[in-house]
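*Asks:* The primary structure of each chain is shown beneath.
Protein chains: 2
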Amino acid sequence: MRPLVIAPMGTMTLEPLSIDSVKDLIEDSIEEMVLEKMQSPVDRPAMSLVKEILMSGGKRYRPMLAIIGYQAAGGREIQKAMDIALSAELVHTATLVHDDVYDQSKMRRGKPTLHSTHGISHAIIAGDYLFSLGFELGAKYNDRVVERIRDSCAGIASGEILQFRHINDLSTSPEDYYSIIDGKTARPFAAGGACAAIIAEASKEFESALWGYGLEMGRAFQLVDDILDLQGGDSIGKPRGTDVHEGKMTLPIIYALTMLHGSDRDHLRDVLTNFSDERMQELGDLLEVSGAFDYARTLVSNHVERSLSHLSPLPDSASKTLLSEIVMLSESRTS
Amino acid sequence: MRPLVIAPMGTMTLEPLSIDSVKDLIEDSIEEMVLEKMQSPVDRPAMSLVKEILMSGGKRYRPMLAIIGYQAAGGREIQKAMDIALSAELVHTATLVHDDVYDQSKMRRGKPTLHSTHGISHAIIAGDYLFSLGFELGAKYNDRVVERIRDSCAGIASGEILQFRHINDLSTSPEDYYSIIDGKTARPFAAGGACAAIIAEASKEFESALWGYGLEMGRAFQLVDDILDLQGGDSIGKPRGTDVHEGKMTLPIIYALTMLHGSDRDHLRDVLTNFSDERMQELGDLLEVSGAFDYARTLVSNHVERSLSHLSPLPDSASKTLLSEIVMLSESRTS
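Chains as they are written, first to last, in numbering that gives the first Met the number 0: chain A, 0 to 334; chain B, 0 to 334.
None of these hints come from the bench; they were simulated from the model. Since the structure is predicted, the reported quantities are computational estimates derived from the model, not experimental observations. Certain hints may be false.
As the list makes no split between identical chains, a pair holds if one copy fits it or if it spans any two.
To be verified - Pairs of lysine to aspartate or glutamate residues, derived as DMTMM-like cross-links and limited to a Cα-Cα distance of at most 20 angstroms, are as follows:
no., residue 1, residue 2
1, K50, D276
2, K36, D315
3, K105, D242
4, K105, D233
5, K105, E204
6, K110, D284
7, K247, E26
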């Protein structure tokens with residue numbers, strides 16, 4: 000494990016970081032936390048259950064946003080932002096573990112989900128434990144940070160509840176869709192950006208810049224996720240069409256239901272209400288014909304543009320460039 | 000809703016409180032929090048789901064311990080302890096909602112459980128939301144308090160995992176039993192006591208007095224719960240024998256398995272491994288013959304005694320008397 004890079008005091012010069020080096024720092028910190036908790040008798044049984052999932056990779060966008068956002072907002076000691084970075088990742092992992100329970104997902108990141116190997120009970124407990132770890136790290140900061148973490152969690156819960164209300168609801172509107180994804184994805188990304196600025200003791204202007212950056216990046220990120228569920232290859236780590244099986248109304252589907260007419264629309268409704276793996280190609284063709292993928296990709300580009308434009312108040316720096324790179328990476332990703 | 004009782008500044012005189020008046024304060028504060036969150040768009044969907052369960056009563060031992068412990072340790076503004084009190088209740092309610100999912104419990108406190116009315120998904124999300132509310136309130140305090148809340152949560156998770164390891168395990172020892180109940184019940188009670196002292200800015204001596212008080216009270220409390228599952232009447236709010244159906248090895252059963260011999264022991268093993276509601280009386284008789292209930296009741300009394308003796312360093316006060324009353328109430332309770 001390599002030591003954390005801490006900028007020398009009294010200077011604004013920072014060792015230039017790359018996305019990979021930040022990701023390595025995050026992986027090292029996660030590993031360090033896992034090892035520390037494994038030493039504690041009170042944590043060991045619970046940590047034994049979650050350590051594999053914590054160290055099994057993942058894209059780490061949330062913690063990267065926190066670390067690099069902190070630097071871009073003028074923060075000079077990465078270590079100070081590491082707790083919020085890990086907090087974001089832990090809370091996110093907690094929600095994944097719990098989502099997989101009620102979505103009955105068998106695979107995640109190319110591996111069997113915790114509930115499919117250990118049962119519902121252990122997956123629920125594991126998620127609860129991950130939440131408590133995430134909150135512990137988040138609670139180290141001031142009230143404004145804690146409030147944003149809390150709001151994120153409330154938003155995730157409310158977003159999930161809204162999503163359930165629209166399961167199999169073919170009249171779901173784009174506004175409904177944005178309420179759902181803002182709650183479960185975009186606002187948590189935004190909160191990560193804002194918290195990074197608060198921890199860097201940056202101005203309100205920088206705080207709202209990073210909030211906006213995170214919000215738009217989160218929207219782009221979720222849209223890409225939803226497109227990949229319909230169009231992605233094996234690299235997405237779970238079966239294609241999972242959202243469709245679960246009756247989730249994602250934007251390409253909402254768009255196609257609006258744009259198609261007559262027999263095409265009836266056909267689409269039939270595919271959605273009587274979906275099976277064998278009808279994936281049929282669904283893809285209908286979405287293609289409706290222009291849903293082009294539309295969704297255009298929206299992704301718009302959110303990416305807006306995310307980048309939110310960065311404009313921040314002074315130019317290597318970190319600001321990295322923030323741009325992350326957004327563009329999230330647009331072009333295939334997993 | 001009546002205003003909170005806040006002691007006048009600069010005086011040690013407190014309005015004498017009764018258990019009922021403290022419980023009323025807690026109920027009012029919970030109601031206030033529910034109403035406040037219902038105003039927030041980000042919370043409303045999630046709070047709508049949990050508000051009934053939050054306001055549906057419950058014994059409120061955990062928040063009472065925090066409030067009265069705070070006063071007994073010299074704290075003079077109840078309001079200062081209200082957040083930790085509610086935090087303890089919220090985290091506890093979160094664990095109940097999640098427990099009911101994986102225990103597949105249909106009833107809790109005489110009402111249908113959330114997962115039986117709203118499904119697994121909503122119960123998991125509801126619990127997660129309750130956790131986040133609990134952490135938000137807990138995070139308002141200093142690091143020592145946050146650390147104890149976090150340790151509690153890790154202990155609950157680890158305690159539950161240990162409990163699962165011993166499901167249907169007829170060789171479970173009393174030591175295993177205490178590891179389980181310390182994690183899931185006694186240490187959270189202890190943490191509540193210790194946090195109350197920290198928030199009251201009391202000495203380390205008082206902090207460890209209230210830790211010990213809470214720990215022993217929590218053990219007594221869980222033992223009584225386990226006895227009530229075997230002997231309780233309709234007032235316990237859930238079907239008798241629930242633990243036995245779930246294969247949980249509670250102390251009366253562990254004791255009887257050790258003390259009975261020959262055909263009685265074979266009979267008990269048969270009842271446990273082939274349990275049904277019709278065999279409740281048969282099980283009760285075997286436990287009675289073994290002396291398990293007398294033994295468990297003796298242990299309860301011992302823990303109550305120890306809990307009370309931990310209070311000795313605290314100066315005599317109305318609050319200290321209330322703390323004694325709560326422990327004795329927890330011993331004699333029938334629900």
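*Asks:* All the hints need checking, so say for each whether the structure fits it.
*Replies:* Results of checking the hints against the structure:
1. K50 to D276: Answer is neither; intra-copy 33 angstroms and inter-copy 40 angstroms both fail.
2. K36 to D315: The answer is neither: 39 angstroms in one copy and 40 angstroms across copies each exceed 20 angstroms.
3. K105 to D242: Result: close within a single copy only, 13 angstroms intra versus 30 angstroms inter.
4. K105 to D233: Cα proximity of K105 and D233: one copy only (15 angstroms, versus 40 angstroms across).
5. K105 to E204: So K105 and E204 fail the 20 angstroms test inside a copy (43 angstroms) and across (51 angstroms) alike.
6. K110 to D284: neither (29 angstroms within a copy, 49 angstroms between copies)
7. K247 to E26: neither (32 angstroms within a copy, 38 angstroms between copies)
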